[in-house]
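Novice: Sequence:
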Amino acid sequence: MNFSEFEELVNEKKMANPVWFGLEPDSLASEDSVIFAQNTLNATLPIEYVQFAKRFGGGYFAFGIVYSLDENSNFNILEINKSESTTRGTHILFSENGTGDFYGFEIKDSQCLPEVYFFDHETEKWQKTKYENMLSFLAETALSN
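Just so you know, the sequence shown maps onto residues 1 to 145 in the working numbering.
Just so you know, the hints here were simulated from the structure itself, not pulled from any lab data.
All figures in this text were calculated on a predicted structure; none of them were measured in a lab.
Where is the CB? At the ideal position from N, CA and C, for every residue including glycine.
It cannot be assumed that every hint is accurate.
As the list claims (entries may be wrong) - Straight-line alpha carbon distances no greater than 25 Å define the calculated BS3-like cross-link-like pairs of lysine-lysine that follow:
(1) K14 <-> K54
(2) K82 <-> K108
(3) K128 <-> K108
(4) K13 <-> K54
(5) K82 <-> K14
(6) K82 <-> K54
(7) K130 <-> K108
(8) K130 <-> K13
(9) K54 <-> K125
(10) K108 <-> K125
(11) K13 <-> K82
As the list claims (entries may be wrong) - Cβ-Cβ distance ranges computed for the label pairs, FRET-style:
(12) S30 <-> E132: 37 to 43 Å
(13) N97 <-> V19: 17 to 23 Å
(14) F21 <-> E122: 19 to 25 Å
(15) D120 <-> N39: 34 to 40 Å
(16) S30 <-> T99: 28 to 34 Å
(17) K54 <-> S85: 21 to 27 Å
(18) K130 <-> T90: 17 to 23 Å
Just need the whole structure built from these sequences, with the hints factored in.
Specialist: So this is what it looks like as structure tokens:
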């Protein structure tokens, strides 16, 4: 799924189900906050994440949570990745399911791959999901009921 398709889906869902988007999102990301985050994480974030953070911010998003670049957020990507450094290993965490499991991007050569990976807290292992990128992940997990 590309970003324009994702935006179109979000707009459709907002019109049909405005209550899904009733919680206040985090602040939108700026180019400076993206650069700072990438320098701090020592990895280039996927373009889909950057586009999402600049357009929607993050935090609560319909039925999901997306870690944001908002330094005042409880869902700040830098703070969560710092506090979960053992869990994340060679991944950047960008979401969770609320039961102790995480979703992240694998890092290869200082680049986050766009594919979504799942960290199971019970097995303490990462596994690749069926999602080609964060947008397809959110379309299925956060924008459907």
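Novice: Run the distance test for K14 versus K54: straight-line Cα separation, threshold 25 Å.
Specialist: Answer holds: K14 to K54 is near 18 Å, not above 25 Å.
Novice: Indicate whether the distance between the beta carbons of S30 and T99 respects the range 28 to 34 Å.
Specialist: holds (32 Å)
Novice: Taking the beta carbons of F21 and E122, is their distance inside 19 to 25 Å?
Specialist: violated (32 Å)
Novice: Against the 25 Å threshold, does the CA-CA distance of K82 and K14 hold or violate the hint?
Specialist: violated (33 Å)
Novice: Need the status of pair K13, K54: alpha-carbon distance at most 25 Å?
Specialist: Since the Cα atoms of K13 and K54 sit roughly 19 Å apart, the hinted pair holds (cutoff 25 Å).
Novice: Is 17 to 23 Å a correct range for the gap between the Cβ atoms of K130 and T90?
Specialist: With a Cβ separation near 20 Å, K130 and T90 satisfy 17 to 23 Å, so the hint holds.
Novice: What's the verdict on K82 and K54, does the C-alpha distance respect the 25 Å limit or exceed it?
Specialist: holds (22 Å)
Novice: Verify the proposed pairing of K130 with K108, using a straight-line Cα cut of 25 Å.
Specialist: holds (19 Å)
Novice: Could one say that the CB atoms of K54 and S85 fall in the range 21 to 27 Å?
Specialist: Hint holds: Cβ distance 26 Å, inside 21 to 27 Å.
Novice: When you check the alpha-carbon spacing of K54 and K125, does it fall within 25 Å?
Specialist: violated (31 Å)
Novice: Hint check: K13 vs K82, CA-CA at most 25 Å. Holds or violated?
Specialist: Roughly 33 Å between the alpha carbons, so the hint for K13 and K82 is violated.
Novice: Falls inside 34 to 40 Å, the C-beta gap from D120 to N39?
Specialist: violated (30 Å)
The structure fails to meet hints 5, 9, 11, 12, 14 and 15 from the earlier list, while all remaining hints are met.
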